[in-house]
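Undergrad: Following the hints, put chain B in place on chain A, whose structure we already have.
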Amino acid sequence: MIEYFQILGQEVYKIIFLVIPILVSVALIVWLDRRVWGLVQKRRGPNVVGPFGLFQTLADALKYIFKEIIIPASANKVVFILAPIITMTLALVAWAVIPLSKNLVLADINVGILYLFAVSSLGVYGIIMGGWASNSKYPFLGAIRSAAQMVSYEVSIGIIIINVLLCVGSLNLNDIVIAQKDLWYVLPLFPMFVIFFISALAETNRPPFDLPEAEAELVAGYQTEYSGMMYAMFWLGEYANILLMCAMGSILFLGGWLPILDVYPINLVPAPVWMIIKILFLFLLFALIKAIVPRYRYDQLMRLGWKVFLPFSLIYLVLTASFLFYFDKLPEVIF
Amino acid sequence: MIIHSVFFYFFSIIAIFSSLMVITSRSTINSVFFLILDFISVGCLFIMVGAEFLGMILLIVYVGAVAVLFLFVVMMLNVAEQKQSWFIGKKSTHIPTGLIVSVLILLELLVVVGGWKYKEDLMSSSTLVISNISNTHQLGLVMYTDYILYFQLAGIILLLAMIGAILLTFRERVGVKKQNYFNQISRSPSTAIELKDVKSNEGVKIDD
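Residue numbers (the working numbering), protein chains in the order written: chain A, 1 to 335; chain B, 1001 to 1208.
Just chain A, with the same shape it has in the complex (with noise of 0.2 Å):
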């Protein structure tokens, strides 16, 4: 009993010094965001607060603390005070299992992808009830557009998924990083990182398929009757799902806390630096792509996921499979 307390403690610690990190690169993430998208455009982008604007958005969180927090009197008050909180949760707890290095990971379990693309399958109810609670017809419509959109893109990240595992033979996410020792999975499987990428930005709902939340035709979408601290929690939720989405294609892809190359003065750099720095790398491409590419219509959305990028990953699984089999590389089972 005592030594079971003792445990919890020391994770309680570890998971502290896991999820403070998170929120501060969350907030520095919206930032380099915000400057990426207005350099783009010829604009300066946030400037003014603190060195380079970097303290933006801690300004914006402590405007979102004091402002009033307004809930509809026609809500469902319990489903509408659940849904921020728990896609601000879902986004966390998915961190416990990313392998920033062969040891720094908080639990490092047998099962780590499946678990990362359940926990992130499970980020439409925040939407969904976001959506449905405030009674209204926005934030309804906002909310129906998502959970079509991301139920039908999982499908495709879920099939990318099973062409990595194939490759690996194992779930766990530091196999999945080691497995990549000699050859990065995003040159022999470069078709499945693009489409990786692109499932990912539908998945979080970043431009060009932020349907969801689409201005023009839907205010603000399952947003918008949310307003203060509230509204502030669904939108770091969303960001620390991009963290963890770009934190995925790096582990799946680009080799995790693996060197750029193994030799010797580059493998010096510590494997955290290298995972930051592939995380970083994806962020701004997502950042980017917001910034240049319109926004799509919803048919073609629907057309893209499941007309396009779900039978060609089914094709090019049986393609993997056979290549794998045909010239004998199947992973072998570590019994």
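In case anyone wonders, no lab produced these hints; they're calculated from the structure.
Nothing here was measured: the structure is a model prediction, and the numbers come from that model.
Among the clues, some could well be false.
Said to hold, decoys possible - Straight line, CA to CA, 27 Å or less: simulated DSSO-like cross-link-like pairs of lysine-lysine:
#1 Lys14/A to Lys102/A
#2 Lys1205/B to Lys1177/B
#3 Lys181/A to Lys102/A
#4 Lys1177/B to Lys137/A
#5 Lys1178/B to Lys137/A
#6 Lys307/A to Lys1177/B
#7 Lys67/A to Lys77/A
#8 Lys307/A to Lys1178/B
#9 Lys329/A to Lys307/A
#10 Lys77/A to Lys137/A
TA: Relative to chain A, chain B alone:
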């Protein structure tokens, strides 16, 4: 071990409570939320006995996909209207069918429970973790060798159900305008623009 039991009872009590709430709760949307809670706690129980793969698949398939679709449908219903018609208004006509189905399920449960014993070391959860092979590999080794036929059959049944559902709900609608992606992109000014001289005081008919 005490902690293990505490968690076991914690999750099972939540599972039983929420499954009761699914059938007794007054608003349909709450039923669906309790169903989700039920799935999650059963998933946790799976993980506790060492069947982590099953637990995760339960989360992905049932919570991540099936319950989302349930929620999707239930949200379209008018909550206030439903309460009226179910609890105040006319008598339900679903009782006979429901009774038949539930009696059948009860009989099936009796058959299953009759031939089933508790494993002595169920609580210790050592049976599944004892070998070095991971849970997922064990499942794969059995499923794709000894039971490949049943596995494929289950897949075919699911496919049939899917095609059946599509066929049942499919209806051909006339006069629906469809947007063809390629036609839209490959439009050129010469085919898209038509110039017409309009005489004054006379309209012009533009066909679409």
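Undergrad: Hint numbers the structure violates, sorted upward?
TA: 9
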